[in-house]
Amino acid sequence: DVKVTQSSRYLVKRTGEKVFLECVQDMDHENMFWYRQDPGLGLRLIYFSYDVKMKEKGDIPEGYSVSREKKERFSLILESASTNQTSMYLCASSKVAGVKYNEQFFGPGTRLTVL
Amino acid sequence: AQSVTQLDSQVPVFEEAPVELRCNYSSSVSVYLFWYVQYPNQGLQLLLKYLSGSTLVKGINGFEAEFNKSQTSFHLRKPSVHISDTAEYFCAVTSSGGSYIPTFGRGTSLIVHP
Numbered sequence: 001d002v003k004v005t006q007s008s009r010y011l012v013k014r015t016g017e018k019v020f021l022e023c024v025q026d027m028d029h030e031n032m033f034w035y036r037q038d039p040g041l042g043l044r045l046i047y048f049s050y051d052v053k054m055k056e057k058g059d060i061p062e063g064y065s066v067s068r069e070k071k072e073r074f075s076l077i078l079e080s081a082s083t084n085q086t087s088m089y090l091c092a093s094s095k096v097a098g099v100k101y102n103e104q105f106f107g108p109g110t111r112l113t114v115l
Numbered sequence: 001a002q003s004v005t006q007l008d009s010q011v012p013v014f015e016e017a018p019v020e021l022r023c024n025y026s027s028s029v030s031v032y033l034f035w036y037v038q039y040p041n042q043g044l045q046l047l048l049k050y051l052s053g054s055t056l057v058k059g060i061n062g063f064e065a066e067f068n069k070s071q072t073s074f075h076l077r078k079p080s081v082h083i084s085d086t087a088e089y090f091c092a093v094t095s096s097g098g099s100y101i102p103t104f105g106r107g108t109s110l111i112v113h114p
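Residue numbers (my numbering), protein chains in the order written: chain H, 1 to 115; chain Z, 1 to 114.
Lysine-lysine pairs mimicking DSS-like chemistry, simulated, CA-CA at most 25 angstroms apart:
no. : chain 1 : residue 1 : chain 2 : residue 2
1   : H       : Lys3      : H       : Lys71
2   : H       : Lys55     : H       : Lys95
3   : H       : Lys18     : H       : Lys71
4   : H       : Lys18     : H       : Lys53
5   : H       : Lys100    : Z       : Lys69
6   : Z       : Lys49     : Z       : Lys78
7   : H       : Lys71     : H       : Lys57
8   : Z       : Lys58     : H       : Lys100
9   : H       : Lys18     : H       : Lys57
10  : H       : Lys95     : H       : Lys71
11  : Z       : Lys49     : H       : Lys95
12  : H       : Lys95     : H       : Lys70
13  : H       : Lys70     : H       : Lys18
14  : Z       : Lys58     : H       : Lys3
15  : Z       : Lys49     : H       : Lys3
16  : H       : Lys100    : Z       : Lys49
17  : H       : Lys70     : H       : Lys100
18  : H       : Lys95     : Z       : Lys58
19  : H       : Lys3      : H       : Lys100
20  : H       : Lys53     : H       : Lys3
Selected chain H positions facing chain Z (in silico; Cβ < 7 angstroms):
no. : residue
21  : Gly42
22  : Leu43
23  : Lys100
24  : Tyr101
25  : Gly107
26  : Pro108
No wet-lab data here; the hints were simulated from the structure. We put the CB at the ideal spot given by N, CA and C, even for glycine.
Okay, chain H solo, but in the shape it has when bound:
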């Protein structure tokens, strides 16, 4: 089975801190994604990556950056955390870049609170 793991389930940070969220998948998937989930807004795509060192902006990239140095790992970085970044963050992966019928596999999520 594909497994997507996220480094923390719960995280509390202070405004202005630099925050790293880590995601690892173990099935050699090409695509990896970061979403944030807020009540009533569903899933919103922050960034995605289709290959090592490649990244593409999603719908809401402002305030975030990403890093993919290895195929299995995709990191989300909040350069200077703000209270409006308090949210649930979900990492996902899918098998082959450019294929439209691939399902996504999700991690358990990281609930980030910024005080």
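Put chain Z on the given structure of chain H with help from the hints.
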């Protein structure tokens, strides 16, 4: 551009009753449709998907969905729900004329009461 509308943000139902969660999409070309479920404090997992062929798709946990091209719908159904079906359900679409990144609906919260 592809888009998805989940018509109900919340659906309350009693245990053992049937349920339908509605999903409509907008795309003029071939589509691939997905339903995901998110149990409390967990990530999403695939419930079922329509790629081609039979319009009635069966998924896990007794759920099924019907692809209706003329009505651009992909409604999710279960004939008899359990308390354990309480979760958030997301419909998603990709299309042959659009990005391979799926577009998700805003989700429907299914609340099953005893």
